[in-house]
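Q: What follows is the residue order along each chain.
Protein chains: 2
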Amino acid sequence: MNLGSCSNKLIGMDWSKRDGVSDISSSLADFDDQCQFTVDFSRFVVVHGAGSFGHFQASKSGVHKGGLNQPLVKAGFVATRISVTTLNLEIVRALAREGIPSIGMPPYSCGWSTSERNVASADLSGVAKAIDSGFIPVLHGDAVLDDSLGCTILSGDVIIRHLAEHLRPEYVVFLTDVLGVYDRPPTDPNAVLLREIAVDEDGKWSVVKPTPQSMNKQVEITVAAHDTTGGMVTKISEAALIAKLGIDVYIVKAATSHSLKALKGELRHNIPDDWLGTVIRFSR
Amino acid sequence: MNLGSCSNKLIGMDWSKRDGVSDISSSLADFDDQCQFTVDFSRFVVVHGAGSFGHFQASKSGVHKGGLNQPLVKAGFVATRISVTTLNLEIVRALAREGIPSIGMPPYSCGWSTSERNVASADLSGVAKAIDSGFIPVLHGDAVLDDSLGCTILSGDVIIRHLAEHLRPEYVVFLTDVLGVYDRPPTDPNAVLLREIAVDEDGKWSVVKPTPQSMNKQVEITVAAHDTTGGMVTKISEAALIAKLGIDVYIVKAATSHSLKALKGELRHNIPDDWLGTVIRFSR
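Residue numbers (UniProt numbering), protein chains in the order written: chain A, 1 to 284; chain S, 1 to 284.
Here chain A stands alone, though its shape is the one from the complex (with noise of 0.2 Å):
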């Protein structure tokens, strides 16, 4: 992202105070006059997952199995949305201390529902005008109700796909904590890094490359038991649906040169050998 700046300094956007000290003081001294300060960024949508929130409270109340006429659900559902909401706030303040200028959208108070887990209403024009009017918006993962469940988890992966669907993004990153998706789970000292998968028309996808031949293996995904969401598979199996709009997804590490090329689209005609991590593509 090529973020505004006054004089190369970050305009900062968190004004609370921390231990006591404001950073407003120096944030203010920022918009001088002088201030060449250009916003030209480009148009993006960040949605997080949940990492160590929610996840816990949602799977000890069993939230994604719905059920809120019963008090540890409803109980749970509250829990596991303050928990959330916890970690977007986080990640706003993040954003905004880097200048960017981040508006957190909590999928539930956004109007996004669900029937029998999938999307049945979201509100995607907030989202679109949020964009429009020069902010990053925010999702997350969420508690949110259900028409027939009563209530569910939608994961962020989901949300992902959704709003893949409707504002046709140029591209996708899904930012992980491994290079990409591995035949089997990356801890194992023989898995083998999934450079590219090919969806076809049914959605179904399979590895290119490494080809086929030089691997000669299933590939084989768990599902930590924690999550309620589906963990790996979920996120290939939404990624699947996104390439097959004809919207290239990457898999990729966080925080790394691989994420950065892929984040700033230069993948998008060209994949460099040295580049590590997964390109999900629909094969037509």
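If you're looking for bench data, these hints aren't it; they were derived computationally from the structure. Everything numeric in this text was worked out from a predicted model, so none of it was measured. Hints are not guaranteed to be accurate.
Repeated chains share a single entry, so a pair holds when one copy, or any two copies, can fit it.
What the hints assert, rightly or not - Keeping only pairs whose Cα atoms sit at most 30 Å apart, straight-line, the calculated BS3-like set for lysine-lysine is:
#	residue 1	residue 2
1	K209	K264
2	K60	K129
3	K65	K129
4	K60	K264
5	K244	K261
6	K244	K60
7	K129	K264
8	K129	K209
9	K204	K129
10	K65	K244
11	K209	K65
Put chain S on the given structure of chain A with help from the hints.
A: Coordinates of chain S only, in the frame set by chain A:
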């Protein structure tokens, strides 16, 4: 509020870790099979202002005056939203710890926007749905997009009035840090508490109790310099608009027996002489 309880034990709904200790274990223990847990309380909406949060960020950057294309306003918009959503989360957590199934619904993300500072859109169905699902929606004064100004500050008082118009509650309680509305700043030792204010068909309001003869004075209202949304003036005029709908409004000091009476709805048919506060009513 008649809270759900289990053997008179509180059911905490904030399972976040505090100082590294999660209270989820003790909370989960409350949900055993023996538990006669009932969630049976009044249908409520909570709207809070910004207090020491938000006002400073908003007034320093002029978010209330609009002009989102100016870097300072844009940064202030982001900073204001971070500040008010931080407060919202703290209030949601405080309520959840007391067993109240509260759900944060920040107006910006709930689709509230304005046109020339008047509410232009608001997702009231989301608020109604949350109430119907047994939750207590918690809204707040927020920075929002404005069709003509670009952006502005939507005060909690205006939100309450808009909700009252559409959800038609039995009564509305404004909790504040003084006993009610006075005829001049309550710090003035001669300030007189206005016990009853009548609103007529034209929306004009007049003091009924104490009787004008016994006061024989003009009511004087001041607004704090940092208050971007009009302070007590906005509060009273919005309260008058609510009263005009035939909905009684009580302005009362928080955390007193007087506010408890108001919140419980005990004042609807008869206001005891020892009750201290201001009631604003429609005089037909």
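Q: Against the earlier hints, flag every one the structure doesn't satisfy and list their numbers going up.
A: 4, 6, 8, 9 and 11
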